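Asks: Letter by letter, the chains look like this.
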Amino acid sequence: MIHPDFYRIRNGHAIGLDEVPLVTFTEFKPILLNAVVSGARVVLMCAVPENVFLTKGHSTGEQMRLLCVMAWDEEGALGLLTAQVGDSFISLTPECPQVHWFEREIWEQWGIFPQGHPWLKPIRFHKPYRKNPRENITETEIGETVFFELKGDEVHEVAVGPVHAGVIEPGHFRFQCHGENVYHLEISLGYQHRGIERAMCGKGFEKRRLLFAETMAGDTSIGHCLAYTHIIEAFQKMTIPPRALALRGISLELERLANHTGDLGALAGDVGFLPTASYCGRIRGDFLNMSALLCGSRFGRGMVVPGGTGFDADIQRTDELLARLSSARKDVSNAVELLFNTPSVMARFENTGRLASQAARELGLVGPAVRACGIRKDVRSDFPTGIFNFAHIPAMVWETGDVFARAFVRWLEIQQSIGFIKSQLSNMPDGETMSPDAGDRRAPEMAVSMVEGWRGELCHCAISDGEGGLSYYKAVDPSFHNWIGLAMALRGQQISDFPLCNKSFNLSYCGHDL
Amino acid sequence: MFEIIKSRILQKHRTIAFPKKTAAMPDRFRGLPVIKAATCGPECDDCKAGCPTDAIETTKESGLSIDLGKCIFCGQCTKSCPSGTITFGNDYRLAAAARGNCVISSTKAITPLKPLRPELLSLFKRSFNIRVVSAGGCNACEADVNVLSTIVFDLSRFGINYVAAPRHADALLVIGPVPRNMHAALKKTYDAVPDPKIVIAAGACAISGGLFSHNSQESIGADSLLPVDLYIPGCPPHPMTILDGLLRFLDRIS
Chain A
443 MIHPDFYRIR NGHAIGLDEV PLVTFTEFKP ILLNAVVSGA RVVLMCAVPE
493 NVFLTKGHST GEQMRLLCVM AWDEEGALGL LTAQVGDSFI SLTPECPQVH
543 WFEREIWEQW GIFPQGHPWL KPIRFHKPYR KNPRENITET EIGETVFFEL
593 KGDEVHEVAV GPVHAGVIEP GHFRFQCHGE NVYHLEISLG YQHRGIERAM
643 CGKGFEKRRL LFAETMAGDT SIGHCLAYTH IIEAFQKMTI PPRALALRGI
693 SLELERLANH TGDLGALAGD VGFLPTASYC GRIRGDFLNM SALLCGSRFG
743 RGMVVPGGTG FDADIQRTDE LLARLSSARK DVSNAVELLF NTPSVMARFE
793 NTGRLASQAA RELGLVGPAV RACGIRKDVR SDFPTGIFNF AHIPAMVWET
843 GDVFARAFVR WLEIQQSIGF IKSQLSNMPD GETMSPDAGD RRAPEMAVSM
893 VEGWRGELCH CAISDGEGGL SYYKAVDPSF HNWIGLAMAL RGQQISDFPL
943 CNKSFNLSYC GHDL
Chain B
22 MFEIIKSRIL QKHRTIAFPK KTAAMPDRFR GLPVIKAATC GPECDDCKAG
72 CPTDAIETTK ESGLSIDLGK CIFCGQCTKS CPSGTITFGN DYRLAAAARG
122 NCVISSTKAI TPLKPLRPEL LSLFKRSFNI RVVSAGGCNA CEADVNVLST
172 IVFDLSRFGI NYVAAPRHAD ALLVIGPVPR NMHAALKKTY DAVPDPKIVI
222 AAGACAISGG LFSHNSQESI GADSLLPVDL YIPGCPPHPM TILDGLLRFL
272 DRIS
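Sequence order for the protein chains is A and B. When we follow my numbering, the leftmost residue of the first sequence carries the number 443, and every step to the right adds one. When we follow my numbering, the leftmost residue of the second sequence carries the number 22, and every step to the right adds one.
Source of the hints: derived by calculation from the structure; they are not laboratory data. Some hints could be false.
Claimed, not checked - When the alpha-carbon atoms are kept at most 27 angstroms apart in a straight line, the in silico DSSO-like pairs for lysine-lysine are as follows:
#1 B:K209 - A:K569
#2 B:K209 - A:K649
#3 B:K218 - B:K146
#4 B:K218 - A:K645
#5 B:K33 - A:K772
#6 B:K100 - A:K649
#7 A:K649 - B:K69
#8 B:K208 - A:K569
#9 A:K679 - B:K100
#10 B:K208 - A:K563
#11 A:K569 - A:K645
#12 A:K649 - B:K57
Stated by the list, open to error - Here chain B is said to cover these stretches of chain A; the calculated rule only asks that three of the stretch's residues, wherever they fall, bring their Cβ under 8 angstroms from a Cβ of chain B:
#13 482 to 494
#14 603 to 614
#15 646 to 654
Here the structure is a predicted model, which is why all the values come from computation and not from measurement. We put the beta carbon where it would ideally sit given N, CA and C, even for glycine.
Could you put together the complete structure from these sequences and hints?
Replies: Written as structure tokens, this is what we have:
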């Protein structure tokens, strides 16, 4: 049950800033911890300058607030709470591990010190957002930090990256090994940091905001773009035409199809099963080309815009999409069934990189990674927006928590998404694809928006300045929650299984680094 | 085994006929911009005002010009323009060997990419190994660079391969705007590639910083750190744009 101290918010709806509940940190901590005990999880936690909550004319200096959004997935409730905070606060991580990365972020961005955080280090290695220097921090150069070390006879360390041996993004990994066995993997990121969050509310970047959203993680263009446009539409009180909602849903699921198919192919490649690796590599392209058929871009660039969609689909186009979809469905079924029917593949997938359900829950993981641990949560069914208010896609789960489960959940989701797109294309609502022009700009408001991207839950939170601009922006990619999941899944595994485990999560570096 | 063979037959032969046949692009694909001469109203710079990456310049002498190295092909200029001066065509051939050749205008069409100079061509034409370095991009360029090694494009049939070690590489292909946190890693990777070496910048970010050119992370593209030999515009460049650029550069097509 949602705790009464939280203000109940709705996904993609704006609230006035005077409605934002404020408590002291002494009150905040037990409220949050009790909520976690009652089954809630932390969707987002960040620090916000106090002055964005105040109307113009008030100057407050350096006062900050902690802001927390919590989700009670089973009852579909979202709660908001903020707390006053000074230059330091008592870390919640020892009692509530799922905030560990958020607290590191708050410390790195604003210099607010979480006392008692067990592994406080930078996560992106950038300059702090405020002038006063961070406490107890000397490192500013990327990668210069104190890494975990395993001590003992015959232990060794393997350091990988930032530049990896494939066409992938940069990140630094340190394995603490004894023989072939990994005792701990530490992941240190920040190499892709482009300063997007700050630029989202920066002056002179207004024209780029939508494009920043599209490029937070290029493989999740539609997902992040939807999260952003939902916020802008909430601020401007736009009603999106049903046809645009359907097109948006189709685009989001095409993105999921392309990436899930690509991942299954890459998993096949990582265990040396080349038939499925080649087929899926090609079929992934077929799904990307379906996005290009809709909007000219394989990644859905330009498809989602505030107010609706940038492109419509005429009848020839929907027919063409249906035809391509049914042939891709046949090909992907064949490729994936071949994968799962091959004993040598299953021998490598099963029991590799197993993550316990309890660990996944405590760490607050999201997306296919958590559904593969038997935990049923999916923004599309728990906090539906847009087309998912009308068309239901059930959340797909599997219990085993291993590489196989993460692969199999993807396959289940592929089948659901194909069915969804087919039914949407066959029953497209008529009408416009853009809502009429935006209404009046109103008083400053706050909105939280969540979207189930292919990798998991995306959450954006913004505060408007009442003059058409934004005074605060925060984006959380599913990778932000899930990188620690990969580290945990690798414990006790052989180091040679790292590529397979890594691919089974397939997390985003740029989505994390922003 | 029988199932694998059956599936192999069902999945068919999928490699595209390019370069023997031209590649068909989706009708909504935004490729090479077409600038109609002399349709602009006096003093009008609506396209420039709409462009999110400052890719458009308007001057009295040369009229309207677009820097494809900055352009992210979002089509905003087309929407902003009252007279239909700029439209996006279907031509995917965008690669250029000099930064200046990325700029097109109503009077200056795109300069067709010339092959590498002969002494290097003799080394690289039949075997060209590329080390890809992702430096602060959004991952879309990686995806469309990577897709060239799938069976659809089958890059290795041209003797071009992606390699894991810079020491095995002939060229560095840089993607992303090269933010501060990647400066040292990119330089080190470049130093590890044996001479003579080629640097390719793929995507608006790697060419000019693209969307991220004015942010706090000093990200203004690959040629702020390295000498770039080949520029491949796009956001991200379509796989055909990259493939066409590489093959022209190596004198495999003309």
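Asks: Does each hint fit the structure? Answer for all of them.
Replies: The hints, checked one at a time:
Simply put, K209 of chain B and K569 of chain A have alpha-carbon atoms about 23 angstroms apart, close enough for the 27 angstroms limit, and the pair holds. A threshold of 27 angstroms between alpha carbons decides the hint, and for K209 of chain B with K649 of chain A the separation of about 35 angstroms lies outside it, so the pair is violated. Distance check on the hinted pair: K218 of chain B and K146 of chain B sit about 13 angstroms apart at the alpha-carbon level, within 27 angstroms; holds. The straight-line distance between the Cα atoms of K218 of chain B and K645 of chain A is roughly 40 angstroms, outside the 27 angstroms bound, and the hint therefore fails.
Under the criterion of a C-alpha separation no larger than 27 angstroms, the hint pairing K33 of chain B with K772 of chain A is consistent with the structure, at around 12 angstroms. With a C-alpha separation of about 13 angstroms, the suggested pair K100 of chain B and K649 of chain A falls inside the 27 angstroms cut-off, and the hint holds. Simply put, K649 of chain A and K69 of chain B have alpha-carbon atoms about 12 angstroms apart, close enough for the 27 angstroms limit, and the pair holds. Of the pairs offered as hints, the one joining K208 of chain B and K569 of chain A holds, with about 22 angstroms between alpha carbons and a cut-off of 27 angstroms not exceeded.
Our distance criterion of 27 angstroms between C-alpha atoms is met by K679 of chain A and K100 of chain B, whose separation comes to about 24 angstroms. In summary, the hint linking K208 of chain B to K563 of chain A is supported, as the alpha carbons are separated by about 26 angstroms, within the 27 angstroms threshold. Distance hint between K569 of chain A and K645 of chain A is fulfilled; the C-alpha atoms sit about 19 angstroms from each other, no more than 27 angstroms. The straight-line distance between the Cα atoms of K649 of chain A and K57 of chain B is roughly 25 angstroms, inside the 27 angstroms bound, and the hint therefore holds.
Residues of the stretch 482 to 494 of chain A lying with their CB closer than 8 angstroms to a CB of chain B number 0, which falls below the three-residue condition for coverage. With 8 residues having a Cβ less than 8 angstroms from any Cβ of chain B, the stretch 603 to 614 of chain A passes the three-residue criterion, so the hint holds. Judged by the Cβ-Cβ criterion of 8 angstroms, the stretch 646 to 654 of chain A is covered by chain B as claimed, because 6 of its residues qualify and three suffice.
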